[in-house]
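Chains A and B are the protein sequences, given in the same order. In terms of our numbering, the first sequence opens at residue 773 and continues consecutively. In terms of our numbering, the second sequence opens at residue 862 and continues consecutively.
Source of the hints: derived by calculation from the structure; they are not laboratory data. Where hints are given, some of them may not hold.
DEER-style ranges, computed between Cβ atoms [unchecked claim]:
no.: 1; chain 1: A; residue 1: V1194; chain 2: B; residue 2: Y897; range: 34 to 44 Å
no.: 2; chain 1: B; residue 1: Y897; chain 2: A; residue 2: R1056; range: 35 to 45 Å
no.: 3; chain 1: B; residue 1: R874; chain 2: A; residue 2: P1078; range: 56 to 66 Å
no.: 4; chain 1: A; residue 1: N775; chain 2: B; residue 2: R1162; range: 27 to 37 Å
no.: 5; chain 1: A; residue 1: N775; chain 2: B; residue 2: A1107; range: 27 to 37 Å
no.: 6; chain 1: A; residue 1: V1259; chain 2: B; residue 2: W866; range: 11 to 21 Å
no.: 7; chain 1: B; residue 1: E1044; chain 2: A; residue 2: A787; range: 49 to 59 Å
no.: 8; chain 1: A; residue 1: P1192; chain 2: B; residue 2: Y897; range: 47 to 57 Å
no.: 9; chain 1: A; residue 1: I1143; chain 2: B; residue 2: Q870; range: 44 to 54 Å
no.: 10; chain 1: B; residue 1: E1152; chain 2: A; residue 2: V1194; range: 44 to 54 Å
no.: 11; chain 1: A; residue 1: L1127; chain 2: B; residue 2: W866; range: 29 to 39 Å
no.: 12; chain 1: A; residue 1: P1192; chain 2: B; residue 2: R932; range: 26 to 36 Å
no.: 13; chain 1: B; residue 1: E1152; chain 2: A; residue 2: A1235; range: 36 to 46 Å
no.: 14; chain 1: B; residue 1: R931; chain 2: A; residue 2: I1143; range: 28 to 38 Å
Far from chain B, by Cβ distances over 10 Å, these chain A residues were calculated [said to hold, decoys possible]:
no.: 15; residue: S809
no.: 16; residue: E818
no.: 17; residue: V834
no.: 18; residue: E840
no.: 19; residue: F1032
no.: 20; residue: E1041
no.: 21; residue: V1095
no.: 22; residue: H1126
no.: 23; residue: D1208
no.: 24; residue: S1210
no.: 25; residue: L1252
no.: 26; residue: G1260
Ideal Cβ placement from N, Cα and C applies to all residues, glycine included.
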Amino acid sequence: MRNLHVYLLAAALAAVGLGLAAYKTIVVGLPLIEKASVSAWEVESEVRVTANGGPLKVSMFVPEDSREYSVLDERVAAPDFGMTVAPEGANRRLNLTAREASGRKVARQRFLVHRNETRAPDRRRLPPFPQEVTLPATAQAVARTLYTAAHAKSADETSLVSVLLRELISPDRSQNVRFLLGDDRSPRKIATVAAQILRVNGRFARAVHGVDLAKTGISVETKSWLEVVIGGHWQAFSVATGEPRIPFGLFAWWRGDAPFVKVEGGKLERQRIGVTRVEQTVLRRALALGKHQGAFLTTYSLYSLPATQRAVFRVIMTIPIGVFVLVLLRNVIGLRGVGTFMPVLIALSFRDTHLLWGLVLFSVALAAGLIVRLYFDHLKLLLVARLGAIVMFVILFLAVVTVLSDKLKFEPGLSVALFPLVILTMTIERVSVIWDESGPAEAIRMAVFSLIIAAFCYLLMAAAPVQHLFFAFPELILVLMALTLLVGRYTGYRLTELIRFRVLAEPRS
Amino acid sequence: MMTPWTLAQRLERVGVLGMNARNGDYILPNNARKLYPLVDDKLLTKELAHKAGLATPELYAAFRASAEVRRARAVLDKYRDFVVKPANGSRGNGIIVIKGRIGDALRLASRRLMTWDDLRFHMQNILSGIYSLGGQEDSVLVEYCVEFDPVFGTITHLGVPDIRLIAYKGVPVMGMLRLPTSESDGKANLHQGAIGAGIDLASGRTLTAVSRNSVVRQHPDTLAEVSGVAIPHFDRMLEIAVGCNAMTGLGYVGVDLVLDRTLGPLMLELNARPGLNIQIANRAGLAARLEAVDRADVVRRPAADRIAFAKQAFGAKT
């Protein structure tokens, strides 16, 4: 019964731990390996205007998150302007205003575009009915004719749009097409006209404009495509092929027939959109995205702590792995060092000094401390007073080491300032108790063995991948706890007991 | 060379009890933590045993405070031989055995001399907690000095041999005679080099013996045969052992006894976490016997029945 209880508890803990960790890697996108990196794009738009001297109003669109992309770190650099952002139809428009402006003015907006790990829910709203129809009456008639022809040649709503688009882009254009397009055969014009034709015929449609993230450069051209509501959802159509899909990497910026920039009280000199590819660690992206989307698990993670606490917790979160190693060593292997978890604490103290120097310093301090302890033993001092005297000795010893290191220009010797004194003192005390009870050989064996375990724990706990794993996924400690509970009910032999009792396994002579 | 796996399987078949199983399956369920002070403090154990009618070495005096130690000579002068020990000591540390006087001085068992002042200083040290494991303040115990039975005369060296019995839920399950050697410095601790001889529970005769982890037949100091020695009053020892379960409430307990030449078996101390080396001395597994006790359902029967069961079930098969 007891075992069943433990098994169930362990299974529950492990399931919660692994489940949370899996959720965080797969959905939140926290990487298992810290250094994993991923691409993001820095997109910049620059607008130069010459002001007339009176009130100046420059407005341009700002992008929103889509299902595939998230927009982070938006920044606007427009020194002389007041700034507001307001929704406009399906878009958001950045309005920059100045009461009196003259000469050249420059406004920039810059943001980071991240590809979403998993597709976000579709937030595009369906437009209210009726739709805006701006074509003159004759053009509307032409649009109806084109639509009817396409309708006759198609099987369903999707193919209807495809047929219509192919009609618009085909080289041998009909009279009707030329009437609507004129000489402008740019994708932008085609998308706009296609949307107008569809709207005249009562369908929800709009032109979409953005950039191709695959084509980076200081000045890139904008891309346009078409979105039509089919079956209650916005479906994108390429205006280059007429197919109901657009190339991977197209990032939608604004929708509708309006131009990107509007200037009142000045003259638009130049507009430019630049795209640069930037490498970013998966970790940073996940954290930025989590913060952006207000995800609970990233908002309330250890990453949200101030830098100093983060540094402390990077260390603290690795202690369980060291503790688990000790549990295994004790209960499954059957080896024990000084004290219950003393080797883990010793391993922590190596952090300041690094392994080799830490081992040397610890051994020397331990040896010196033991000699003093054995001498004090001779004086028959009471426990607390004796410990106090040893702490004082250890402090003096470390002070001497540090001063000598400084004089000898021995760099590592200076790192001992925070070398944990109490851990050293307690180790000296424990080792000397073993010395009393089981003799010097056993005491030295225990001390050496403890240092070996401590070195092993240090290597494990100081390893960057381990630190990252437990810092990013603290719930893994639940998994360790589950394993520890299982070891706690392990009643089989310890490895060393096999040797101890081997005579019992031999047949009786 | 056996693989660890086959070795483990064989030990399992013999019923050898490992440390994890001892702690997890027997000590944790049967020995409540709050009962530990009853066995850790030898003064408490003695009082309990006295109430339960179990013989222990007579308590001459107990000193609990520094001020009382000043009266040590007044209290103890009338006893020729006595033993001074810390109530919470472990592994025989801090024990002094006084054997007679030479003039004003006390004569130690190790044939050195000691003044009353020296003894009082030693007692102060005990009180300050030097010999207690946790270092907490302790009390001094002065008791009757055991004259061990002549049957052990040829198979011990410098110290008093003792008998360790393990009692589980009122049933004796295994026994061992521990014989000090020169290597163990007169102490009856197997870790320190004493010899351990298994005991046939049915006959009270010693079986094979082990020194460290190897099988021996003779005492290394006296060269006398250690196997086949009949321990006098062994039945009485079994009765004392099973009484200790009821007396302390501990379901799994190690009982240390000595055999005095005039007073017979005396209970010396109890252990709530008895060691596992007794299995090597007996060349038998404890787990097999503990499971047999649980299976046999003798726990509620009278003491005599339980002892009879143990003799029948765990005695040497001839």
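Results of checking the hints against the structure:
Under the hint 34 to 44 Å, the C-beta atoms of V1194(A) and Y897(B), about 28 Å apart, miss the expected range. In this structure the hint that Y897(B) and R1056(A) lie 35 to 45 Å apart at CB is violated, the actual value being about 55 Å. Remark: the range hint 56 to 66 Å for R874(B) to P1078(A) is upheld by a beta-carbon distance near 60 Å. In this structure, N775(A) and R1162(B) meet the distance hint of 27 to 37 Å, their C-beta atoms being roughly 29 Å apart.
Checked against the hint of 27 to 37 Å, the pair N775(A) and A1107(B) passes, with Cβ atoms roughly 29 Å apart. Taken as a hint, the range 11 to 21 Å holds for the pair V1259(A) and W866(B), whose Cβ atoms sit roughly 19 Å apart. In this structure the hint that E1044(B) and A787(A) lie 49 to 59 Å apart at CB holds, the actual value being about 55 Å. A hinted range of 47 to 57 Å is violated for the C-beta pair P1192(A) and Y897(B), which are about 32 Å apart.
A hinted range of 44 to 54 Å for the beta carbons of I1143(A) and Q870(B) is consistent with their spacing of about 48 Å. The given range of 44 to 54 Å is respected by E1152(B) and V1194(A), whose C-beta atoms sit roughly 46 Å from each other. Taking the beta carbon of each, L1127(A) and W866(B) are about 35 Å apart, inside 29 to 39 Å as hinted. Evaluation of the 26 to 36 Å hint for P1192(A) and R932(B) yields a failure: the beta carbon distance comes to about 46 Å.
Against the hinted window of 36 to 46 Å, the Cβ-Cβ separation of E1152(B) and A1235(A) comes to about 45 Å, which satisfies the hint. Between R931(B) and I1143(A) the CB atoms are about 35 Å apart, so this pair conforms to the stated range of 28 to 38 Å. Every beta carbon of chain B lies more than 10 Å from that of S809(A), the smallest distance being close to 44 Å; the non-interface claim holds. Annotated as non-interface, E818(A) keeps its C-beta farther than 10 Å from every C-beta of chain B; the closest such distance is 72 Å.
The beta carbon of V834(A) sits about 65 Å from the closest Cβ of chain B, which is more than 10 Å, so the claim that it is off the interface holds. For E840(A), the non-interface assignment is confirmed: its Cβ lies about 54 Å from the closest Cβ of chain B, beyond the 10 Å cut-off. Against chain B, the non-interface label of F1032(A) holds: every CB pair exceeds 10 Å, the least being about 73 Å. Non-interface status of E1041(A) relative to chain B is upheld: no Cβ of that chain comes within 10 Å, the nearest being about 82 Å off.
No Cβ of chain B approaches the Cβ of V1095(A) within 10 Å, the least distance being about 18 Å, so the stated non-interface status holds. In this structure H1126(A) is separated from chain B by more than 10 Å, as the shortest Cβ-Cβ distance comes to about 34 Å. With a closest Cβ-Cβ approach of about 7 Å to chain B, D1208(A) is found to fall inside the 10 Å limit, against its non-interface label. With 10 Å as the threshold on Cβ separation, the claim that S1210(A) sits away from chain B is violated: the shortest Cβ distance comes to roughly 7 Å.
Against the 10 Å criterion, L1252(A) stays outside the reach of chain B, whose nearest CB is about 19 Å from its own CB. Not every CB of chain B lies more than 10 Å from the CB of G1260(A), the least distance being 8 Å, so the non-interface label is violated.
The structure does not agree with the numbered hints 1, 2, 8, 12, 23, 24 and 26 stated previously, though it agrees with the rest.
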